[in-house]
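Just need the whole structure built from these sequences, with the hints factored in.
Protein chains in written order, with UniProt numbering: chain A, 1 to 450; chain B, 1 to 451.
Please note: incorrect hints may appear among the correct ones.
Partial list, derived from the structure: chain A residues whose beta carbon lies under 8 Å from chain B [what the hints assert, rightly or not]:
no.	residue
1	P148
2	V240
3	V244
4	V251
5	V254
6	G259
7	V261
8	W265
9	Y326
10	L378
11	L422
12	I430
13	W440
These aren't lab readings, by the way, just hints derived from the structure by calculation. Glycine included, every Cβ here is placed at the ideal spot set by N, Cα and C.
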Amino acid sequence: MEQAAPDPERLLQPAPLEPLSHPDTGLESVVGEEVKGARDEGPGDGTMTESNFSLKKIEISVSEAEKRTGRNAMNMQETYTAYLIETRSVEHSDGQSVLTDSLWRRYSEFELLRNYLLVYYPHIVVPPLPEKRAEFVWHKLSADNMDPDFVERRRIGLENFLLRLASHPILCRDKIFYLFLTQEGNWKETVNETGFQLKADSRLKALNATFRVKNPDKRFIELKHYSDELQSVISHLLRVRARVADRLYGVYKVHGNYGRVFSEWSAIEKEMGDGLQSAGHHMDVYASSIDDILEDEEHYADQLKEYLFYAEALRAVCRKHELMQYDLEMAAQDLASKKQQCEELATGTVRTFSLKGMTTKLFGQETPEQREARIKMLEEQIKEGEQQLKSKNLEGREFVKNAWADIERFKEQKNHDLKEALISYAVMQISMCKKGIQVWTNAKECFSKM
Amino acid sequence: MEGECRASQARSWGLPAGGAGRDSPGGDAPLPGSISSSALLQTEVLDLDEDEDDLEVFSKDASLMDMNSFSPLMPTSPLSMINQVKFEDEPDLKDLFITVDEPESHVTTIETFITYRIITKTSRGEFDSSEFEVRRRYQDFLWLKEKLEEAHPTLIIPPLPEKFIVKGMVERFNDDFIETRRKALHKFLNRIADHPTLTFNEDFKIFLTAEAWEFSSHKKQGPGLLSRMGQSVRAVALSMKGVKSRPEEFMEMNNFIEIFSHKINLIDKISQRIYKEEREYLDEMKEYGPIHILWSASEEDLADTLKSVASCIDECCKATEKRMSGLSEALLPVVHEYVLYSEMLMAVMKRRDQIQAELDSKVEALTSKKADTDLLTEEIGKLEDKVECANNALKADWDRWRQNMQNDIKSAFTNMAEENILYYEQCLATWESFLTSQTDLHLEEASEDKL
Chain A
1 MEQAAPDPER LLQPAPLEPL SHPDTGLESV VGEEVKGARD EGPGDGTMTE
51 SNFSLKKIEI SVSEAEKRTG RNAMNMQETY TAYLIETRSV EHSDGQSVLT
101 DSLWRRYSEF ELLRNYLLVY YPHIVVPPLP EKRAEFVWHK LSADNMDPDF
151 VERRRIGLEN FLLRLASHPI LCRDKIFYLF LTQEGNWKET VNETGFQLKA
201 DSRLKALNAT FRVKNPDKRF IELKHYSDEL QSVISHLLRV RARVADRLYG
251 VYKVHGNYGR VFSEWSAIEK EMGDGLQSAG HHMDVYASSI DDILEDEEHY
301 ADQLKEYLFY AEALRAVCRK HELMQYDLEM AAQDLASKKQ QCEELATGTV
351 RTFSLKGMTT KLFGQETPEQ REARIKMLEE QIKEGEQQLK SKNLEGREFV
401 KNAWADIERF KEQKNHDLKE ALISYAVMQI SMCKKGIQVW TNAKECFSKM
Chain B
1 MEGECRASQA RSWGLPAGGA GRDSPGGDAP LPGSISSSAL LQTEVLDLDE
51 DEDDLEVFSK DASLMDMNSF SPLMPTSPLS MINQVKFEDE PDLKDLFITV
101 DEPESHVTTI ETFITYRIIT KTSRGEFDSS EFEVRRRYQD FLWLKEKLEE
151 AHPTLIIPPL PEKFIVKGMV ERFNDDFIET RRKALHKFLN RIADHPTLTF
201 NEDFKIFLTA EAWEFSSHKK QGPGLLSRMG QSVRAVALSM KGVKSRPEEF
251 MEMNNFIEIF SHKINLIDKI SQRIYKEERE YLDEMKEYGP IHILWSASEE
301 DLADTLKSVA SCIDECCKAT EKRMSGLSEA LLPVVHEYVL YSEMLMAVMK
351 RRDQIQAELD SKVEALTSKK ADTDLLTEEI GKLEDKVECA NNALKADWDR
401 WRQNMQNDIK SAFTNMAEEN ILYYEQCLAT WESFLTSQTD LHLEEASEDK
451 L
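Shown next as structure tokens:
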């Protein structure tokens with residue numbers, strides 16, 4: 001039976017009444033130095049309480065990726081990538097950071113962590129993982145999971161995932177998350193021992209199943225539509241962006257050919273030779289500049305992708321609400337029908353169909369004792385049902401309240417992050433234009449000297 | 001042909017590109033033509049102080065003056081004499097202006113073809129009038145080129161645009177094709193007009209001025225198709241011989257032409273490819289912008305930012321279009337013309353070699369005493385003159401061509417660079433203003449929060 005509120009057992013300490021200082025304020029993001037390209041606005045610290053109640057700020061980084069071979073569940077040789085997660089705690093007094101933990105994890109363990117969080121925090125928009133396989137690739141990029149560029153981008157994505165968890169007011173206190181960062185061996189067993197897979201509602205995964213919910217909270221319906229639209233528009237955007245990147249690559253690279261031909265031509269020219277040769281060199285510079293430009297853009301695409309995957313997380317919360325509402329309505333319906341049955345038995349009118357009623361009609365009346373017994377049973381069931389309905393109702397409202405709080409938090413985060421991403425895109429374009437102006441100005445000078 | 005050769009030899013040295021009237025009052029200074037024509041030019045020359053573009057100056061005059069008769073009121077003032085001196089320093093001043101425009105489709109029972117209107121404005125005395133308007137079709141241009149090649153086998157005749165574009169599915173009468181061809185034909189005629197020798201060619205004059213019936217009857221004269229074919233067969237055989245005894249400077253020239261031809265062809269391909277890639281990039285960008293608008297419809301806080309991004313992308317699209325049109329105006333036609341020029345150059349080399357071979361074979365015949373020695377010696381004498389004439393003509397024209405090529409290429413690539421600079425500057429301005437607007441908003445919001 002899933003719970004709407006986090007199980008205190010899974011938290012390190014009872015959560016304080018208000019979340020600790022908002023992760024976005026306070027410390028600048030302090031991410032491990034080895035990490036390139038990690039998001040600057042992403043807070044690098046989380047606050048965790050440890051057994052001695054002292055609060056320490058921590059820094060998390062996914063600093064390395066390594067190819068490994070091993071045997072999988074079916075005892076077959078496989079190659080996979082392992083990622084080094086380093087955790088540092090920052091001493092308040094001198095700001096120095098000390099390495100406290102370092103362990104290796106592979107992608108499947110991240111997935112396990114996330115699936116666990118999805119089950120125990122259904123009201124939270126759980127941060128998504130970076131993509132499992134490379135999608136939206138333009139031709140130069142490899143779709144191979146072992147490709148070093150892909151591995152690098154995934155490393156950054158995994159680090160971002162952990163930073164998101166660490167900065168989430170509720171998720172950061174989860175014990176399993178803490179163990180993920182600190183307990184290398186046996187962690188998988190610990191997670192599985194929670195039995196979360198059993199607690200998972202299979203209906204949540206069943207995407208096709210529809211539940212006729214009579215009174216869903218309208219906000220969740222809107223949110224579901226929004227997440228569908230977001231997913232659709234971001235995929236479309238990413239697809240076209242990949243095509244644009246492809247074309248841009250073509251334009252730049254063909255200019256490289258000028259370099260070669262100018263150089264060959266300059267050999268037969270006396271006056272024009274120098275100008276041609278040096279202009280050719282600039283054409284080469286121009287052609288090779290596209291590689292860095294598009295690599296930067298890939299990071300922009302990754303930022304958008306994160307929100308593409310977030311759409312799925314939003315939908316999961318909406319779905320959870322739908323299911324709870326459905327269960328509630330079913331329970332209410334069931335209760336109502338039992339009450340009616342009870343009433344009919346008591347008053348002797350038969351309006352609702354019941355098997356007992358039919359058999360009684362066919363095979364004769366039941367005895368007053370039998371009827372009493374049934375009424376009594378029903379009354380007990382009704383009492384139970386009313387209790388259940390009350391608690392379901394309460395749960396439902398709690399869920400809506402907590403979920404909506406997290407959704408508001410998410411909305412602000414999304415608006416902030418996407419705006420920053422769009423601005424960074426503009427910055428990239430500006431840099432590209434400046435480079436272009438410089439190269440072509442140099443080339444023009446060479447041409448004019450011919 | 002010899003006589004003409006000598007005359008043209010005199011003309012191909014040191015004359016300004018625009019050419020001067022043949023009946024100049026005398027002296028070395030190339031004064032602008034006859035008295036009557038100089039009257040008109042004096043007005044032009046006076047106006048030149050204000051206006052660099054001589055074409056524009058001319059058309060201004062056209063509106064002011066009756067072109068068919070020269071007003072004797074134009075004084076030969078000391079001022080105009082000074083300006084005439086100035087005129088020598090500006091060899092770009094032309095006295096023959098040609099435009100090719102107004103392509104028109106003609107349908108007959110046998111065929112459909114396009115004619116182009118050719119307007120010629122001139123102050124030269126040898127022209128009966130100062131303005132002419134005729135219609136010619138591609139075939140006629142081809143005829144003109146062949147006549148020029150015949151008359152001046154070792155001069156570098158400007159190239160004609162291709163008959164067809166091999167690349168494919170281009171319909172003969174596709175608008176872009178016609179426009180490209182029109183521009184190339186315009187260039188062709190103007191290049192001839194600028195050539196110190198070719199500009200005075202009689203067939204050229206007839207091409208520009210003759211009425212339709214006059215022109216078609218003139219075309220029918222001259223060596224027929226069969227004799228021309230016969231000549232070309234002989235020519236191929238001879239040119240093989242000519243290669244062996246080619247003087248050093250022509251070996252160098254040939255070497256240059258071979259390499260140049262290879263490189264310019266590559267550059268043509270590269271430039272066309274860049275244009276194609278840019279077109280495809282533009283097509284994708286046009287789809288890219290609107291997606292942001294679509295997205296803004298489901299957002300609240302982000303809507304404005306997204307719309308701004310969309311409009312930036314839109315601006316960049318416009319800049320790309322401008323860059324593409326700049327390339328297709330300034331770079332592509334120039335490079336392509338030089339591709340055709342390189343073919344032309346190879347033909348000129350062959351013709352030179354042929355002429356040389358003719359001489360060589362006669363010399364051979366003399367040494368082996370196979371025919372009448374007196375006749376041969378006389379023929380050899382003539383051929384030696386012919387060879388010397390041809391070589392000199394080519395040498396002079398070669399230098400002129402090299403110079404022009406350098407200028408044209410330099411100008412074309414400088415324009416290409418300029419187009420790219422403008423493109424990036426435009427895009428830069430767009431994105432920078434976006435950035436400023438976003439940071440301004442940010443500051444606005446921050447200050448609002450403080451209130």
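Exercise. If you take the shortest Cβ to Cβ gap from V244/A to chain B, is it below 8 Å?
Worked result: Given a least distance of 5 Å, the restraint on V244/A holds.
Problem set entry | Hinted contact I430/A with chain B - closest CB pair below 8 Å | 5 Å, holds
Exercise. Does the interface hint hold: is G259/A within less than 8 Å of chain B, judged Cβ to Cβ?
Worked result: For G259/A, the interface hint is violated, since the closest Cβ of chain B sits about 10 Å away, which is over 8 Å.
For this session: Let me know if the C-beta of P148/A comes in closer than 8 Å to any C-beta of chain B, holds or violated.
Result: With a closest approach of 28 Å, the P148/A hint is violated.
Problem set entry | Status of the V251/A interface restraint (C-beta, 8 Å, chain B) | 5 Å, holds
Problem set entry | Status of the hint placing W440/A at chain B (closest C-beta pair under 8 Å) | 4 Å, holds
Exercise. Hey, does the L378/A contact hint survive, CB to chain B under 8 Å?
Worked result: This interface hint is violated because 50 Å lies over the 8 Å limit.
For this session: Mind checking the CB of V261/A against every CB in chain B and telling me if the closest is under 8 Å?
Result: Interface hint status for V261/A: holds (5 Å vs cutoff 8 Å).
For this session: So, V254/A near chain B? Judge it on the closest CB pair being under 8 Å.
Result: 5 Å, holds
Exercise. At a threshold of 8 Å, is the proposed contact between L422/A and chain B supported by beta-carbon distances?
Worked result: 5 Å, holds
Problem set entry | Minimum beta-carbon distance criterion (8 Å), Y326/A to chain B | 26 Å, violated
Exercise. Can we keep the V240/A interface hint, with Cβ of chain B closer than 8 Å?
Worked result: 5 Å, holds
Figure legend: structure checked against the earlier numbered hints; hints not met, in rising order: 1, 6, 9 and 10.
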